[in-house]
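Participant: Each chain, written out:
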Amino acid sequence: GAVVSQHPSRVICKSGTSVKIECRSLDFQATTMFWYRQFPKQSLMLMATSNEGSKATYEQGVEKDKFLINHASLTLSTLTVTSAHPEDSSFYICSASGGTGTTDTQYFGPGTRLTVL
Amino acid sequence: QKEVEQDPGPLSVPEGAIVSLNCTYSNSAFQYFMWYRQYSRKGPELLMYTYSSGNKEDGRFTAQVDKSSKYISLFIRDSQPSDSATYLCAMSEPGGYQKVTFGTGTKLQVIP
Chain A
1 GAVVSQHPSR VICKSGTSVK IECRSLDFQA TTMFWYRQFP KQSLMLMATS
51 NEGSKATYEQ GVEKDKFLIN HASLTLSTLT VTSAHPEDSS FYICSASGGT
101 GTTDTQYFGP GTRLTVL
Chain B
1001 QKEVEQDPGP LSVPEGAIVS LNCTYSNSAF QYFMWYRQYS RKGPELLMYT
1051 YSSGNKEDGR FTAQVDKSSK YISLFIRDSQ PSDSATYLCA MSEPGGYQKV
1101 TFGTGTKLQV IP
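Respectively, the protein sequence lines represent chains A and B. So for the first sequence, my numbering puts the first residue at 1; every next one is plus one. So for the second sequence, my numbering puts the first residue at 1001; every next one is plus one.
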């Protein structure tokens, strides 16, 4: 149980284009989803937290107009990188939690490697 | 000073060895402690989840939390080549959907 999928697993795009990444919880309802970015040899950096049906909460330094997050259902959240630039190239990982209001385990997706040319 | 410190390694051990992975932290409010395993180019996989101090065992894995020293450990017994991965410690405060703070990860290589 507790499977989280991400699509696509890898994307290469031109500078200035937008890229959408999907995160799905396959066998549980995710009341909260998290989006992380991971640079090589570095830890996961939380970008934003989203609860189903409400606006995402962004971490300090993360541009909400650049990284659009939608959590429209209990099984799907999307991250759209708008007007992507080479410095946005990174490994983006989502996680999902189906907690009942207390700190709950996060289950991670397999990640999406974004390369912006 | 980072909230969570973890030696990045790499750590190389022979197959069958006991592996000890450690993290220290500075935030005394952390109550939940996790260990994740991450294979190259994959998302992290939860290995162990403990609350407050004490030990927890699951198969070849044992997690220890010493809150007085702000020190957590993961022990892997009878290590296998398939254990070769990066191990991330993570921790959070109680009370709702608190932010999880990750260590930088320790890269482990188990040599056959």
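Calculated directly from the structure, the hints in this document are not laboratory data. Heads up, some of the hints might be wrong.
[As the list claims (entries may be wrong)] Straight line, CA to CA, 30 Å or less: simulated DSSO-like cross-link-like pairs of lysine-lysine:
id, chain 1, residue 1, chain 2, residue 2
1, B, K1042, A, K41
2, B, K1067, A, K64
3, A, K14, A, K41
4, B, K1067, A, K55
5, B, K1099, B, K1067
6, A, K41, B, K1067
7, B, K1067, A, K66
8, A, K20, B, K1099
9, B, K1056, A, K20
10, A, K66, B, K1056
Participant: If a hint holds in the structure, say so; if it does not, say that too.
Facilitator: Comparing the hints with the structure gives:
Pair hint B/K1042 plus A/K41 holds up; C-alpha atoms about 13 Å apart against a cutoff of 30 Å. For the hint pairing B/K1067 with A/K64, the CA-to-CA distance comes to about 36 Å; that exceeds 30 Å, so the pair is violated. Distance restraint check for A/K14 and A/K41: the Cα-Cα separation of roughly 25 Å lies within the 30 Å cut-off, and the hinted pair is therefore satisfied. Between B/K1067 and A/K55 the alpha-carbon distance is near 35 Å, which puts this suggested pair outside the 30 Å criterion.
Straight-line distance between C-alpha atoms of B/K1099 and B/K1067 comes to about 19 Å, which keeps the hinted pair within the 30 Å bound. With a CA separation close to 27 Å, the supplied pair A/K41 and B/K1067 stays within the 30 Å bound. Annotation: proposed proximity of B/K1067 to A/K66 is violated, straight-line Cα distance about 39 Å (limit 30 Å). For the proposed pair A/K20 and B/K1099, the alpha carbon gap of about 24 Å is at most 30 Å, so the pair holds.
Pair hint B/K1056 plus A/K20 does not hold up; C-alpha atoms about 40 Å apart against a cutoff of 30 Å. This hinted pair does not check out: A/K66 and B/K1056 have alpha carbons roughly 42 Å apart, beyond 30 Å.
When the structure is compared with the earlier hints, violations turn up for hints 2, 4, 7, 9 and 10 and for no others.
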